[in-house]
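Protein sequence lines, in the order shown, are assigned to chains A and B.
In terms of our numbering, the first sequence opens at residue 87 and continues consecutively.
In terms of our numbering, the second sequence opens at residue 100 and continues consecutively.
Don't read these hints as lab results, they were simulated from the structure.
None of the values given here were measured: they were computed from a predicted structure.
Any given hint could turn out to be false.
[Stated by the list, open to error] DEER-style ranges, computed between Cβ atoms:
1) B/Ser-211 / A/Glu-197: 28 to 34 Å
2) B/Ser-166 / A/Asn-127: 23 to 29 Å
3) A/Gly-148 / B/Gln-101: 23 to 29 Å
4) B/Leu-213 / A/Leu-93: 31 to 37 Å
5) A/Ser-100 / B/Ser-156: 43 to 49 Å
6) B/Ser-164 / A/Lys-144: 38 to 44 Å
7) A/Ser-114 / B/His-104: 34 to 40 Å
8) A/Glu-101 / B/Leu-213: 23 to 29 Å
9) B/Pro-117 / A/Thr-138: 43 to 49 Å
10) B/Arg-141 / A/Tyr-125: 14 to 20 Å
11) A/Asn-127 / B/Leu-181: 32 to 38 Å
12) A/Tyr-125 / B/Gly-153: 32 to 38 Å
13) B/Gln-112 / A/Thr-137: 36 to 42 Å
[To be verified] Where chain A lies over chain B, by a calculated footprint (3+ residues, C-beta under 8 Å):
14) 179-186
15) 190-196
16) 202-210
[Unchecked claim] A short, non-exhaustive set of chain B residues, derived as facing chain A with CB atoms under 8 Å:
17) Asn-131
18) Ala-138
19) Arg-171
20) Ala-199
Backbone N, C-alpha and C define an ideal beta-carbon position, used for all residues, glycine too.
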Amino acid sequence: AQSVTQLGSHVSVSEGALVLLRCNYSSSVPPYLFWYVQYPNQGLQLLLKYTTGATLVKGINGFEAEFKKSETSFHLTKPSAHMSDAAEYFCAVSVMIYNQGGKLIFGQGTELSVKP
Amino acid sequence: SQTIHQWPATLVQPVGSPLSLECTVEGTSNPNLYWYRQAAGRGLQLLFYSIGIGQISSEVPQNLSASRPQDRQFILSSKKLLLSDSGFYLCAWSVQGTGAEKLFFGSGTQLSVL
Numbered sequence: 087a088q089s090v091t092q093l094g095s096h097v098s099v100s101e102g103a104l105v106l107l108r109c110n111y112s113s114s115v116p117p118y119l120f121w122y123v124q125y126p127n128q129g130l131q132l133l134l135k136y137t138t139g140a141t142l143v144k145g146i147n148g149f150e151a152e153f154k155k156s157e158t159s160f161h162l163t164k165p166s167a168h169m170s171d172a173a174e175y176f177c178a179v180s181v182m183i184y185n186q187g188g189k190l191i192f193g194q195g196t197e198l199s200v201k202p
Numbered sequence: 100s101q102t103i104h105q106w107p108a109t110l111v112q113p114v115g116s117p118l119s120l121e122c123t124v125e126g127t128s129n130p131n132l133y134w135y136r137q138a139a140g141r142g143l144q145l146l147f148y149s150i151g152i153g154q155i156s157s158e159v160p161q162n163l164s165a166s167r168p169q170d171r172q173f174i175l176s177s178k179k180l181l182l183s184d185s186g187f188y189l190c191a192w193s194v195q196g197t198g199a200e201k202l203f204f205g206s207g208t209q210l211s212v213l
């Protein structure tokens with residue numbers, strides 16, 4: 087069964103510092119992996135996704151993630167944090183529904199705080 | 100363009116009262132529909148998903164039920180709310196396909212059961 091583990095429920099960085107949010111997955115089949123962001127009291131927005139092909143995936147707002155099969159990881163990074171990046175971030179893996187599409191199984195989330 | 104509407108945004112209900120949360124999608128047909136719950140400090144938990152009218156799959160045993168009376172309508176219900184039903188409920192939809200599709204989320208309903 088597919089699952090996702092996010093390491094660290096809270097991460098705090100200074101503005102301008104590197105952001106690294108960790109995600110490890112478990113999957114018996116080649117996974118589809120996603121990162122979503124949630125701002126306070128809002129729904130989730132897709133940051134980026136990995137399906138096939140290039141293992142380094144670029145998303146919105148300067149974020150990127152690298153799929154590493156050997157490490158079963160899909161860590162999210164951003165070279166320089168901005169105050170507006172403060173939010174909760176969710177890693178997710180897709181599980182097929184009878185060839186009708188995917189249901190997403192989410193990690194527990196990581197809350198990112200950015201200090202001035 | 101497609102839009103997803105979820106209401107109400109905030110709800111305060113007493114223990115033992117019924118619940119009905121509604122979600123509708125516009126601008127697409129035959130979407131996959133989902134209900135997720137986000138409890139404080141516990142991440143996102145998939146509650147129900149539906150691949151078609153009247154087709155509901157439950158992910159976890161619980162006090163809640165879901166129905167899909169129309170193609171683009173998904174309803175989350177309870178006959179008697181429990182304190183543990185409090186949380187942030189999110190409806191989402193996706194295009195039926197390969198599993199690589201993204202989910203589009205509604206703005207959520209904050210439910211407080213007192």
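Now for the hints, and whether the structure bears them out:
For the pair B/Ser-211 and A/Glu-197, the supplied restraint of 28 to 34 Å is violated, since their beta-carbon distance comes to about 21 Å. The given range of 23 to 29 Å is respected by B/Ser-166 and A/Asn-127, whose C-beta atoms sit roughly 26 Å from each other. The beta-carbon spacing between A/Gly-148 and B/Gln-101, approximately 26 Å, falls within the hinted interval of 23 to 29 Å. Distance hint for B/Leu-213 and A/Leu-93: a CB-CB separation of about 35 Å, consistent with the stated range 31 to 37 Å.
Range check, A/Ser-100 to B/Ser-156: about 44 Å between beta-carbon atoms, so the 43 to 49 Å window is met. Between B/Ser-164 and A/Lys-144 the beta carbons are some 41 Å apart, a value that agrees with the proposed interval 38 to 44 Å. Taking 34 to 40 Å as the suggested C-beta distance range, the pair A/Ser-114 and B/His-104 conforms, at roughly 37 Å. Separation of A/Glu-101 from B/Leu-213 is about 39 Å and departs from the stated range, judged on CB atoms against 23 to 29 Å.
Range check, B/Pro-117 to A/Thr-138: Cβ separation about 46 Å, and the 43 to 49 Å hint holds. For the pair B/Arg-141 and A/Tyr-125, the beta carbons lie near 19 Å from each other, so the given range of 14 to 20 Å is met. A C-beta distance of roughly 23 Å is found between A/Asn-127 and B/Leu-181, which places it outside the suggested range of 32 to 38 Å. Remark: the range hint 32 to 38 Å for A/Tyr-125 to B/Gly-153 is upheld by a beta-carbon distance near 34 Å.
For B/Gln-112 and A/Thr-137, the Cβ-Cβ distance of about 40 Å falls inside the hinted range of 36 to 42 Å, so the restraint holds. Check on the stretch 179-186 of chain B: 0 of its residues sit with their Cβ under 8 Å from a Cβ of chain A, so the three-residue criterion for coverage is violated. Using a Cβ-Cβ cut-off of 8 Å, 5 residues of the stretch 190-196 of chain B lie near chain A, which meets the minimum of three, so the contact claim holds. Three residues within the 8 Å Cβ limit are the bar, and the stretch 202-210 of chain B against chain A gives 6, so the coverage statement holds.
Checking B/Asn-131 against chain A: minimum C-beta separation of about 5 Å stays under 8 Å; hint holds. Restraint check, B/Ala-138 versus chain A: the minimum CB separation of about 11 Å is more than 8 Å; hint violated. Here the hint on B/Arg-171 is broken, as its CB sits about 15 Å from the closest CB of chain A, past 8 Å. Here the hint on B/Ala-199 is kept, as its CB sits about 4 Å from the closest CB of chain A, short of 8 Å.
Violated hints, in rising order: 1, 8, 11, 14, 18, 19; the structure is consistent with all others.
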